[in-house]
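> In case you want the letters, here they are:
2 protein chains.
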Amino acid sequence: MTSEPIRLGVAGLGRAFVLMLPTFRADTRLRLTAAAAPRAASRTAFRGEFGGTTHADVGALCADPQVEAIYVATPHQMHADHVVAAAEAGKHVLVDKPLAVSLEDGARMVAACDRAGVHLIVGPSHSFDAPVQLARQIIASGEFGSLRMIQALNYTDFLYRPRRAEELRTDQGGGILFSQAVHQIDMVRLLAGGLGQRVSAMTGAWDAARPTEGAYSALLQFENGVFATLTYSGYAHFDSDIWMGNVGELGHDKDPAAYGTARRALSGADPASEATLKARRTYGGGESPAPPQHHEHFGPVIVACDRADLRLTPDGVEINGGTSRGFRAAPLHAAPRASVVDALWQALRHGQPPVQTGAWGLASLEVCHAILTSAATGQIVDLTRQIAAPTQKEEP
Amino acid sequence: MTSEPIRLGVAGLGRAFVLMLPTFRADTRLRLTAAAAPRAASRTAFRGEFGGTTHADVGALCADPQVEAIYVATPHQMHADHVVAAAEAGKHVLVDKPLAVSLEDGARMVAACDRAGVHLIVGPSHSFDAPVQLARQIIASGEFGSLRMIQALNYTDFLYRPRRAEELRTDQGGGILFSQAVHQIDMVRLLAGGLGQRVSAMTGAWDAARPTEGAYSALLQFENGVFATLTYSGYAHFDSDIWMGNVGELGHDKDPAAYGTARRALSGADPASEATLKARRTYGGGESPAPPQHHEHFGPVIVACDRADLRLTPDGVEINGGTSRGFRAAPLHAAPRASVVDALWQALRHGQPPVQTGAWGLASLEVCHAILTSAATGQIVDLTRQIAAPTQKEEP
Chain A
1 MTSEPIRLGV AGLGRAFVLM LPTFRADTRL RLTAAAAPRA ASRTAFRGEF
51 GGTTHADVGA LCADPQVEAI YVATPHQMHA DHVVAAAEAG KHVLVDKPLA
101 VSLEDGARMV AACDRAGVHL IVGPSHSFDA PVQLARQIIA SGEFGSLRMI
151 QALNYTDFLY RPRRAEELRT DQGGGILFSQ AVHQIDMVRL LAGGLGQRVS
201 AMTGAWDAAR PTEGAYSALL QFENGVFATL TYSGYAHFDS DIWMGNVGEL
251 GHDKDPAAYG TARRALSGAD PASEATLKAR RTYGGGESPA PPQHHEHFGP
301 VIVACDRADL RLTPDGVEIN GGTSRGFRAA PLHAAPRASV VDALWQALRH
351 GQPPVQTGAW GLASLEVCHA ILTSAATGQI VDLTRQIAAP TQKEEP
Chain B
1 MTSEPIRLGV AGLGRAFVLM LPTFRADTRL RLTAAAAPRA ASRTAFRGEF
51 GGTTHADVGA LCADPQVEAI YVATPHQMHA DHVVAAAEAG KHVLVDKPLA
101 VSLEDGARMV AACDRAGVHL IVGPSHSFDA PVQLARQIIA SGEFGSLRMI
151 QALNYTDFLY RPRRAEELRT DQGGGILFSQ AVHQIDMVRL LAGGLGQRVS
201 AMTGAWDAAR PTEGAYSALL QFENGVFATL TYSGYAHFDS DIWMGNVGEL
251 GHDKDPAAYG TARRALSGAD PASEATLKAR RTYGGGESPA PPQHHEHFGP
301 VIVACDRADL RLTPDGVEIN GGTSRGFRAA PLHAAPRASV VDALWQALRH
351 GQPPVQTGAW GLASLEVCHA ILTSAATGQI VDLTRQIAAP TQKEEP
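Order-wise, the sequence lines are chains A and B. Numbered by full-length UniProt numbering, the letters in the first sequence go through residues 1 to 396 in order. Numbered by full-length UniProt numbering, the letters in the second sequence go through residues 1 to 396 in order.
One or more of the hints may lead you astray.
Unchecked claim - Examples of chain B residues toward chain A, derived with CB under 8 angstroms: (1) Ala41; (2) Thr44; (3) Gly48; (4) Gln221; (5) Arg311.
To be clear, the hints were calculated from the coordinates, so they are not data collected in a lab. Just so it is clear, CB atoms sit at the ideal spot from N, CA and C, and this is done for glycine as well.
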């Protein structure tokens with residue numbers, strides 16, 4: 001094994017890539033050697049910042065001999081073809097969540113990577129957030145007895161951020177199930193050990209102008225008896241970040257006076273001007289995230305154990321014991337999302353895959369579909385593709 | 001119709017009565033004319049404070065000609081016999097929640113009151129809280145479009161307050177389902193219009209020393225398409241009052257340094273000393289509630305409508321609109337729980353029963369049982385005893 005930086009090619013220089021920029025700029029374990037993007041402006045910006053080779057299509061990126069692993073950050077509905085192409089070219093893959101839109105595509109991707117003997121990691125997702133990882137360690141330690149119940153909720157402006165048309169079509173992987181539920185599911189599965197069993201859920205699609213699911217509530221049971229409530233609304237009314245110390249999803253302090261910004265910005269936009277707003281949020285489009293003061297988070301999460309309830313915060317884990325309350329900080333790394341790079345590094349340089357493999361991502365995707373199915377049929381949906389999180393290893 | 005004060009007899013001078021004391025002391029629409037209680041000390045205290053007649057058993061209270069209506073505040077498992085006895089004696093009834101423990105008892109009570117032509121009102125419950133009533137008015141007005149989703153959660157120290165043995169036995173109406181879930185269900189049904197349809201739920205009984213349900217999570221669908229998530233834990237770890245401005249259930253400002261008081265007070269108590277602690281909380285036992293600074297509440301409640309999410313607070317309703325946030329106060333009355341007296345007054349003096357009739361309470365009790373049944377069977381439970389909240393009348 002080498003300890004050389006991982007030579008990473010990037011497929012897609014859109015919003016997901018922009019959110020990874022602070023990591024790519026700061027983490028010396030990665031070297032961005034190539035990228036593929038349809039927009040010339042993005043490719044130019046990439047060469048200007050990182051050097052390396054750029055390609056107009058993902059096929060050429062997959063064939064690039066300088067590339068050791070590919071970060072697939074293309075739109076959801078393209079993940080399957082791009083991951084399979086990367087695997088068939090012998091490249092390891094980091095694919096942004098969700099793994100895929102359909103379970104069939106997801107299974108095809110896992111099989112292709114297995115066949116090719118390459119690592120497939122699904123991330124970033126909020127299951128990589130340091131407070132989530134810390135909570136997982138605390139649970140696994142047994143310090144507070146058995147895990148019993150989890151409650152996760154999040155109220156955001158997701159549906160009113162600028163969108164391309166397909167991001168508002170459920171069958172193309174749009175709406176909150178594939179973009180947002182998958183975060184909550186990933187976190188909750190990680191905390192509960194992974195083996196979901198049954199799902200009962202309701203969904204809401206309440207804005208005819210943005211005709212996709214914008215809210216859901218789900219009750220998820222696990223094989224180990226743990227149960228979890230997951231609730232999400234992307235309709236931009238109540239903002240549950242007030243219960244996260246007014247820290248936003250990406251770890252930045254929020255200005256309470258900025259209430260309603262997303263909806264105001266979008267007000268009066270037609271599909272064309274909305275696409276322009278969206279393009280501004282992609283690489284080379286002008287926006288660039290400032291360094292966060294806190295960890296990323298995905299809304300309030302309460303984890304009930306026998307002798308304490310853990311409350312995740314943007315800075316760590318609050319330990320609500322029987323007679324006293326404490327706090328354990330999750331230290332900030334110099335580069336945000338260092339745990340995503342950890343996962344890639346451990347897999348490619350030490351042969352130790354993370355929890356969030358392709359099969360793990362497929363299990364989380366199964367829960368997304370189960371929520372849709374339960375809501376559509378009014379039935380409880382049994383899960384069949386779940387896998388357990390491996391027993392926690394010692395820190396490397 | 002007279003406008004004389006209602007001549008109220010009280011059956012049971014325990015904790016429920018103590019919590020009504022500020023109301024009974026301040027609201028001139030009621031006159032406490034009699035009481036029944038097994039403890040001589042409670043009867044003496046009652047005569048000392050209110051005058052009137054006291055009885056050792058409820059049968060004698062029912063026969064008391066000075067009594068126009070009876071407030072049944074005896075232990076849950078005695079509600080049925082006491083309410084039926086009151087009805088058969090021709091007395092109107094205010095019965096503390098829950099209506100009864102079993103649905104059969106509940107139906108028997110409703111039938112007895114119907115047959116006798118007396119009013120049966122189930123209260124107090126947190127559905128009478130002024131912010132809940134205000135939220136109901138806002139929803140009914142249609143100002144913010146259709147109601148879509150409700151989330152209610154509450155994390156308390158319920159299971160570690162001093163208890164008599166039967167309060168920790170589910171079959172006797174103990175545990176959180178009959179004491180606590182019924183509040184949440186009553187509130188949510190009131191906000192959603194009343195007609196529950198199906199329930200999916202999980203419960204937890206995680207403390208072998210207090211072997212009854214201490215937590216649950218439920219997904220409740222309504223006939224009108226609204227769905228609600230209800231979560232409760234009485235295991236005294238995380239305290240969700242931090243999300244209610246550090247105001248406790250009874251409307252008092254909480255001292256954050258008092259974290260863990262209930263568990264500490266109970267620590268090392270055997271059943272006998274716990275019974276002594278419990279007795280201290282009954283009438284004449286020494287404890288007396290101070291006047292609250294805020295309304296009572298039952299934990300965070302978020303109500304999603306098309307154009308705003310309503311967040312209930314101990315002072316009113318926060319209106320989270322699309323682009324701005326506002327607040328509507330629910331003014332404090334001189335006497336807390338005035339809305340319970342309103343209900344009694346309107347029924348007995350104006351012939352207008354409140355929403356919270358016996359049939360309403362039976363419908364809420366049905367949801368309690370549905371939660372237990374769904375958790376036990378792993379199935380979704382269809383509801384058959386639901387009734388609608390009447391269309392909102394003008395304020396009298």
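> Next, verify each hint and record whether it holds.
Status of each hint after checking the structure:
{"no.": "1", "hint": "Ala41", "result": "violated (31 angstroms)"}
{"no.": "2", "hint": "Thr44", "result": "violated (36 angstroms)"}
{"no.": "3", "hint": "Gly48", "result": "violated (37 angstroms)"}
{"no.": "4", "hint": "Gln221", "result": "holds (6 angstroms)"}
{"no.": "5", "hint": "Arg311", "result": "holds (6 angstroms)"}
Hint compliance for this structure: hints 1, 2, 3 are not met, and every other hint is.
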